[in-house]
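Trainee: So the chains spell out like this:
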Amino acid sequence: MSIQTLLMELVLMPLVAFVVGLFMVLMLRRIGAKLQRRVGPPMMQPLYDIVKLYSKKTQISHGWMHDIGIIMAVGGYVAAETLLPVPGMDGIADKGGLVTLVYMMMVPSLGLALGVGQCANPNGSIGIARALTSMLAYDVPFVIVVFGVAWYFGTTNLVDIIAIQQAGGVAGWGAITMPLLAIAGLFALQGMLGKQPFEIYIAPAEIATGPMVEMSGKYLGGLFVMQCFQLYTAGVLYVSLFLGGGENWLFFLIKVFAVVAIPMTVAFLFPRYKTEQMIRLMWKWPVMIGLLGLAFVMH
Amino acid sequence: MTPLDELLLFSGLTLVLLLLLGRFSYAGKVATVFYGGQLLFLAKMADRIVDGSIVTFSLQVELFGQQMSWRFDALSWFFAVITLGAGLLSSWYASGEWGERFRRRGGNLWLLHVALAANVFSMLILLGSGDLLALFIGWELVSWASFLLMTVAGGRAIQAAMRYITYAMSGAMAILAGIVLLWSHAGGLQYGQIIDVIPQLSQPQVWWLVALFGAGFAVKMGLLPFHLWQAAAYAETPGPGAAFFGAISARMGLYAFILVLVQLIGLARLSELTIPFTFLDMRDLWAWIAVLTIILPTYIALRQNDARYLLAWHGIGQGGYMLLGLVMGDALGSAGGLLHVFNYATNQAVLFFAVFAVMFRTGTADLNKLGGLITRMPISFFAMLVGIIGLAGLPPMNGFVSKWFVYRSLMIEGEPLLFLGAVIGTLGTILSVYKLIHNTFLGQLRVEHVEVREVPWSMVAPMIILMLLIIATGVAPGLVLDWVALVQSAVGLPVVENTLGGVELASGSLDMLWVVGVLFAGFGIGALLFYSGGRTRQVHQLDNYAGGHFLTAETRYHYSDNFYAGLMHLIKPWYRGSFVWLESTLGSLLEIAASLMQRLYGTLHPSLYLLVTVVATLTWVLL
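Residue numbers (my numbering), protein chains in the order written: chain H, 12 to 310; chain G, 4 to 626.
Hints are computed from structural coordinates only; laboratory data are not their basis. Quick caveat: nothing in here was measured; it's all calculated off a predicted structure. There's no promise every hint is true.
[To be verified] In silico BS3-like cross-links for lysine-lysine, where the CA-CA straight-line distance does not exceed 27 Å:
1) Lys-285(H) / Lys-206(H)
2) Lys-285(H) / Lys-575(G)
3) Lys-295(H) / Lys-285(H)
4) Lys-295(H) / Lys-575(G)
5) Lys-45(H) / Lys-63(H)
6) Lys-206(H) / Lys-63(H)
Produce the complete structure using the sequences and hints provided.
Mentor: Following this line, the structure appears as structure tokens:
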């Protein structure tokens, strides 16, 4: 691959991720509206929101780490997208692989945590403490899934993982060959997206939206952009591990949207768990299912 | 004179000079220059080390008919680089205002400098040991030098040091027993003789050897269940001493482990030793000890409220990654383990420097009495930030690379549970270090800290050097991996074929040059987006959402205590203090035995015992 093509991909991959992420946010809101029998927002609403937030006149900063935190939160995901192969574009997926991607996805969270920390609001700090705790909760089943997939395909290179699945057709998809791990992965996905019932760290009524409590204007806009990336990344990662990645853009997008729709639909049906309930749940069922799946995969 | 002669003589000279000049205010600067000199002598050796040859020491000593010799190979050289680097930066940190303040507050700066030099000197002797007798003597020297440095602060530090020396002596006895056992079979203590005799030993004999040597070395490394001494002993040592200890001291145990259990006995032999009543072998056992050493101390660190203790407990946990990678025994895992020795040393040193910088300005390391210092001490904040990202093992810092190697090795070798344990340790570390930086530097600035300033340059400079080192070896891990490859070939492990950016594997590569490049490009885009938005206005920290209330300086508006309350609701009952209980039970049993013996001697017919002993001795001598 020539360096020009690569550079082009490195620019295009985050851009596509952002646009698709915008539509995922739209879908999230539309699903919510349908379940609550509302009309829901128009198509361009997520974009309008971002533009509005970025161009607000009052932009309150609590210090330079607050600013850098938002930059890291957005920038970390921009970088993570280049490690995530999509149809026709591999980016630098072969130079990082699955393990690097998993850890790269923690960089935005760290940036957000640092930014919120400097806001000097206990509600925000409590929110971050809870967010990190829930990361500890959902990452345990998640890494079991990652290990199982890497072991089954014999590689951590996402390009190869996708290629192997596509070579086997639908029967070769991870969800068919490793159904238990796929279920455990779906569980972890729900936690990873921070949607109900696992949104204790936002808890609007209790800690005033936690990490977002001091965020306004472009700071909130940054988090909005981050959410677009987050939904996209989680969806694409799941599709790459279990649903054979994308043969072409049409199938790819259908799969990704379908995957992301599941946690969103679940989200609107459940109340919220307490932190310790969430940990107990995450460390029990998905871990047990994941370990069982791992045992099947390894023998 | 060989380069090793020069190095050891110069190191001894540093010690002597500090003994004489340590009282003067320029002693710290002299020491720093001399450590720099030692590093230069070490650098002089580099071309021979790269060639794979061994640098010998001219002096050889004969003791009880045993020839003692010293030499440096790639393994010694690698650990010596870290030792001297840590010594140099620690004494630099102490050379200016920190030392001055320490002395004014009644601290014994002379003792601190001397003890640090003694540690460096004795570690070099240990690293150079050319046979088991020299190894044992070096081991004892290091133990006593560490003890000396631990006692500098007095008070609680003395208690911690006494606990350490009790553990260290027990460990040394185990090592001595192992050496005697080997000597009785090999008839000598040269490495060559031992390598020859090991294949002839029966499985139970090797079992004993591994248990004795392993336990002795495990004490120094702070592996479970011998971990209790380490945190307090390191944390109570004054600033530069704690950084030095944290960076390298416990790694001497790992060095000796590699030398005896990997190089002399061999990992393959360990795999042949099965553990009765289980399906594990000796190597699995070590891997599990390593994983438990990662998990338990990390989650003990999570509960600490003193920044120094928090770091010291993490130090124990991080040692587990090194051992875990090493005992995997493949090219990737052992490279990760060895690389982590270097990476962790840089992270831990910078973290201790930052914590002691905060202590220097505020007088406390209590995580409930700090906060908001980022605006007052921005460089220290950055030092801690770089350090925690490295310690937690996230990109783009060097700690990520070494852990990546260990993870990949566990994935390739098919060890899901060990892998899970290692990741659980990493997640715990992320939680814990966020608490550290949040409670110290983020949140609300306390009224009493409004006047605080950044620490002076003599303390900032070592932090900046370490930061640059952490980032540079994170972007280009190949720089250190080249050394690691030399070590691997020197001790007979499979050698990793690295690139400048990491490693290329058919089953998933790592190229940090690209990964970090893309990450910073991402940050650039994030910044572009951010600064394209509206103009920001900075507000006072009390201009905050407080549910309709107005905040004043009297309001405590910083969330610090019981930081992970939700998590602790669940896992608090799991902290049972079993090891502390075990330790105190052992202590009590010893006390009871001692008092029984005392009663036996003191109150019952002492003259009779004397007579019996004399008669028995005479009979033995006559027969």
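Trainee: Each hint needs a verdict: does it hold in this structure or not?
Mentor: Hint check results:
1. Lys-285(H) / Lys-206(H): Given pair Lys-285(H), Lys-206(H) holds - Cα atoms ~13 Å apart, limit 27 Å.
2. Lys-285(H) / Lys-575(G): Holds, because 16 Å separates the two Cα atoms, which is no more than 27 Å.
3. Lys-295(H) / Lys-285(H): Cα-Cα ~15 Å, so holds.
4. Lys-295(H) / Lys-575(G): holds (18 Å)
5. Lys-45(H) / Lys-63(H): holds (25 Å)
6. Lys-206(H) / Lys-63(H): holds (24 Å)
Checked against the numbered hints given earlier, the structure satisfies every one of them.
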